[in-house]
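Residue-level listing of the chains:
Protein chains: 2
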Amino acid sequence: MSLTWEAKATDGYARAGTLKTAHGDVPTPTFMPVGTAATVKGMTADAVRSTGAGIVLGNTYHLMLRPGADKVASFGGLHKLMDWSGPILTDSGGFQVMSLAGLRKLDKDGVTFQSHIDGSKHRLTPEISVQIQHKLDATITMVLDECPPFPVTEEQAQSSMEMSMRWAGLSRDAFVPRDGYGLFGIVQGSVFPDLRRRSIDALMQIGFEGYALGGLAVGEGQEMMFAMIEATWDHMPADKPRYLMGVGTPDDLLGSIARGIDMFDCVMPTRAGRTGRAFTSRGIFNMRNARFADDGRPLDPGCTCLGCQRHVRGYLHHLFRAEEMLGPILLTWHNLTYYQTVVAGARAAILEGRLDSYIAAVRARWAEGDQADG
Amino acid sequence: MSLTWEAKATDGYARAGTLKTAHGDVPTPTFMPVGTAATVKGMTADAVRSTGAGIVLGNTYHLMLRPGADKVASFGGLHKLMDWSGPILTDSGGFQVMSLAGLRKLDKDGVTFQSHIDGSKHRLTPEISVQIQHKLDATITMVLDECPPFPVTEEQAQSSMEMSMRWAGLSRDAFVPRDGYGLFGIVQGSVFPDLRRRSIDALMQIGFEGYALGGLAVGEGQEMMFAMIEATWDHMPADKPRYLMGVGTPDDLLGSIARGIDMFDCVMPTRAGRTGRAFTSRGIFNMRNARFADDGRPLDPGCTCLGCQRHVRGYLHHLFRAEEMLGPILLTWHNLTYYQTVVAGARAAILEGRLDSYIAAVRARWAEGDQADG
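So the protein sequences, as listed, match chains P and F.
Here the first sequence is numbered in the UniProt record's numbering, starting from 1 and rising by one per residue.
Here the second sequence is numbered in the UniProt record's numbering, starting from 1 and rising by one per residue.
One or more of the hints may lead you astray.
Covered by chain F, according to a simulated footprint, are these stretches of chain P (three or more residues, beta-carbon under 8 Å) [as the list claims (entries may be wrong)]:
(1) 21-33
(2) 200-214
(3) 252-262
With a cut-off of at most 20 Å between alpha-carbon atoms, the simulated SDA-like pairs for lysine to any residue come out as follows [as the list claims (entries may be wrong)]:
(4) P:K240 <-> P:G296
(5) P:K41 <-> F:G276
(6) P:K71 <-> F:E323
(7) P:K71 <-> F:D294
(8) F:K121 <-> P:K80
(9) P:K80 <-> F:R310
(10) F:K135 <-> F:H23
(11) F:K135 <-> F:K105
(12) F:K71 <-> P:K41
(13) F:K105 <-> F:D83
(14) F:K121 <-> F:V152
(15) P:K80 <-> F:R321
(16) F:K20 <-> F:K41
(17) P:K20 <-> P:T4
(18) F:K41 <-> P:M325
(19) P:K71 <-> F:P298
FYI, nobody ran anything at the bench for these hints, they're computed from the structure.
Ideal placement from N, C-alpha and C gives every residue a C-beta, glycine not left out.
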C-alpha cells in the first residue's frame with residue numbers, strides 16, 4: 001500500500017495527523033529542511049535529527065546533475081548516501097529548471113536545459129523526472145509541473161495549468177507504486193481561484209497520495225497566498241496530506257497551518273542561518289549587529305538547540321564577525337530547531353483545540369521583542 | 001599547586017604520562033587541535049570531544065583582537081565561551097605577530113603591531129601577553145618569545161635566543177600561579193645544538209611547568225627537526241611535559257614521540273580537512289580526485305569518526321565537488337580523529353614497550369596504500 005496520511009484531530013481548518021511511510025511515520029504539520037545536494041547545508045544528519053525534523057527534501061535538479069541519479073542509486077539511494085533513514089521528499093526538478101532563464105527551452109512534452117555547472121544538455125519530462133526520483137529512492141515523488149511566474153495573465157495561467165495537469169497524469173502513469181512510497185500532485189492556477197479549483201479537480205480525478213499547492217510564495221504576498229489556500233480548502237480531499245511548497249516565514253507557517261496545510265519546505269531557516277539571521281521566539285535578529293557583541297544571554301533562552309544550550313549571543317556574534325564556519329553551523333541548527341518548535345507547538349495546540357490562542361501567543365512574543373533588541 | 005605531569009611509562013626516549021590540570025587530566029602524548037578564534041574551524045565542541053581530543057589550543061593574537069581578552073573574560077573565559085571544559089593552552093601571540101611583515105616593530109621589550117583586521121595599534125610584551133592569557137583563562141600559558149626565521153646565522157639566533165630567555169624570566173614574574181594552571185617556557189636557538197642547550201639551561205634556571213621546543217617546523221625539514229630534538233633530549237627535565245610547537249604530519253608526530261615529545265599542535269589536520277585532504281591509515285588522499293567518485297567504501301574502514309561510520313568516499317567526493325560545507329566538516333572531523341588515533345596508539349604502545357613496532361606497522365600501512373588509490 002502506498003503511503004498514507006491519518007488525521008488525529010482538527011481545529012477549525014487546521015489538522016494534526018500522521019504521515020505513514022516506508023521510512024517511518026512523521027507527525028504533521030511538519031516542516032521539511034531543504035537538503036539540496038544530498039546534505040542540509042552545514043548540518044550533519046545527526047544535527048538535522050536533533051532539531052526534531054522528521055522528513056527532509058532533496059532537489060532533483062541538483063542531484064540529477066551532481067552526483068547523478070544513477071550514482072545515487074549505485075550507493076543505495078539518497079537515504080543511505082546522506083545518512084537519513086527517515087522519509088525524503090524530492091521535488092520534480094521543474095522549479096529550478098524553469099528558473100534557468102536563457103538556459104532552458106520549454107515544449108509541450110517537457111523542458112530541455114543546460115546544466116549551470118558544466119553547460120551539458122539535459123531533458124526533463126514527466127516520465128524522466130519520476131524515473132530520476134525513483135532512482136534517488138525518494139519516499140515522496142513530486143509530479144513535474146510548470147510553475148508560472150508572478151504576475152501572469154489568467155489565459156497564460158490557464159494554459160500553463162492545463163499543461164501541468166496533463167503532465168500530472170503522465171507522472172502518475174510513470175510512477176511505480178511501492179509500499180509506503182507515494183506521488184504528490186501539484187495544484188497550479190496562479191492567483192485565480194477558479195483555475196486552482198479546476199486544477200484540484202483534475203488532480204483528484206487522477207488520484208494522488210498527497211496534494212501540493214505550487215506557484216505560491218513567488219511574489220504574490222502573504223495575504224494573496226492565504227486567500228489562495230482559502231479559495232481551495234474546501235476542495236482538497238480531507239484524507240490526504242496538503243503540502244505548501246517553498247513556504248516560508250514562521251508566520252507564514254502558522255497562518256497556513258490554520259488554513260489546513262500539513263507540510264512545508266523552505267530554504268529560509270538554513271539560508272538565513274548562514275548569513276547571521278536568527279529566527280527566535282522574540283523575533284528575527286541579525287547576529288552580526290554590534291548590539292550582540294556583549295550579550296551574555298543565550299540566543300533564545302527556551303530553545304533546546306546546541307547553540308542556545310551551550311553558548312551566549314556574544315559568541316555567535318563573534319563567530320559571524322570572524323567568519324568562522326561554526327557561526328553558520330550553529331545558527332542553521334538553531335533556525336531549524338526553531339521552525340520545528342513552532343510547528344510542533346502548533347500540532348500540540350491543534351490536538352488540544354487551542355490553535356488560535358497558540359498562534360496569538362507566538363505572535364505576541366515576536367511583537368514584544370527582546371530588551372536588547374531595541 | 002601548579003599543573004603537573006606524571007610519567008606512567010617510558011619506551012626508549014618515548015614517554016607515556018598524564019597531564020594533571022585544573023580542567024582535568026590529559027593522557028600524553030597528546031595532540032591539541034587548533035581553535036584559533038575560540039573555535040576549532042568547522043567543529044562543534046561536542047565534535048572535537050568525540051575525536052578523542054583532551055586539550056585544545058587558542059591563539060592569543062587572534063583572540064586579543066577579536067573578540068578581545070576583556071570580552072572573553074566578561075563571558076567567563078575561553079572554556080565557557082567555546083564550550084570546552086577541558087584544558088586549553090594558549091600561545092603567546094608572538095609567532096603570529098612576528099609573521100606580520102611590515103605591520104610590526106620589534107624592540108628589546110616587546111613588539112608593537114597593527115591589527116590585520118582594522119589596522120589598530122597594539123603591543124605585546126612578556127607581561128602583557130601573560131596578562132592577556134590570564135584573562136582568557138588559559139590552563140597553560142606560553143611565554144612570549146621571538147621565533148627567528150629559517151635560515152638564520154648563529155649570531156642572530158644567539159641574540160634572539162638570549163632576548164627570548166630574558167623575556168621568559170619576565171613572563172615567569174608576570175604569571176599569577178593558580179592551582180592546576182601552568183606556564184611553559186620555550187626553547188629557542190634555531191638549528192644550533194649548543195644554543196638550544198643553553199636555552200634549556202636558562203629556562204630551567206627560571207623554572208617552568210613545561211618546556212616547549214619553538215622555532216622548529218619552519219622549513220628546516222624533518223631530519224633537522226629530529227636532530228634538534230635529539231640534541232636536547234638529555235638536557236630536558238624528565239618530570240615536565242615537552243611540547244613541540246606547530247608540528248606536524250602524522251609521521252612527524254610518531255618520530256617526535258619516539259624522541260620524547262609529549263604534546264603537539266598543528267593546523268594541518270583541520271586546514272587539510274577544509275581543502276579535501278584526508279589523513280588515513282592508508283596514507284593521504286585528496287577527496288576531490290575523480291577516482292573517489294564511485295567509491296562505495298568508508299574513507300578509513302577502521303575509523304570511528306562520523307564520516308567513516310556513516311558515509312562512503314563517493315559522498316565525501318560529492319560534497320567537495322559541490323562545495324558543500326559538510327565536506328570540510330566531515331573531513332576535519334575525520335582528520336582530527338585520525339590524529340588522535342595515531343597518538344593514542346603510540347601511547348598504548350609505549351605503555352606496553354612496543355613503540356618501535358607500532359610505528360613500523362603504521363608506516364607500513366601508509367606505504368601499502370589503498371587499492372583504489374593508484
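To see whether the hints hold, each was checked on the structure:
{"no.": "1", "hint": "21-33", "result": "violated (count 0)"}
{"no.": "2", "hint": "200-214", "result": "violated (count 0)"}
{"no.": "3", "hint": "252-262", "result": "violated (count 0)"}
{"no.": "4", "hint": "P:K240 <-> P:G296", "result": "violated (46 Å)"}
{"no.": "5", "hint": "P:K41 <-> F:G276", "result": "holds (17 Å)"}
{"no.": "6", "hint": "P:K71 <-> F:E323", "result": "holds (18 Å)"}
{"no.": "7", "hint": "P:K71 <-> F:D294", "result": "holds (7 Å)"}
{"no.": "8", "hint": "F:K121 <-> P:K80", "result": "violated (53 Å)"}
{"no.": "9", "hint": "P:K80 <-> F:R310", "result": "holds (8 Å)"}
{"no.": "10", "hint": "F:K135 <-> F:H23", "result": "holds (16 Å)"}
{"no.": "11", "hint": "F:K135 <-> F:K105", "result": "violated (25 Å)"}
{"no.": "12", "hint": "F:K71 <-> P:K41", "result": "violated (31 Å)"}
{"no.": "13", "hint": "F:K105 <-> F:D83", "result": "violated (35 Å)"}
{"no.": "14", "hint": "F:K121 <-> F:V152", "result": "violated (28 Å)"}
{"no.": "15", "hint": "P:K80 <-> F:R321", "result": "holds (19 Å)"}
{"no.": "16", "hint": "F:K20 <-> F:K41", "result": "violated (26 Å)"}
{"no.": "17", "hint": "P:K20 <-> P:T4", "result": "holds (5 Å)"}
{"no.": "18", "hint": "F:K41 <-> P:M325", "result": "holds (6 Å)"}
{"no.": "19", "hint": "P:K71 <-> F:P298", "result": "holds (16 Å)"}
Consistency note: the structure conflicts with the earlier hints numbered 1, 2, 3, 4, 8, 11, 12, 13, 14 and 16.
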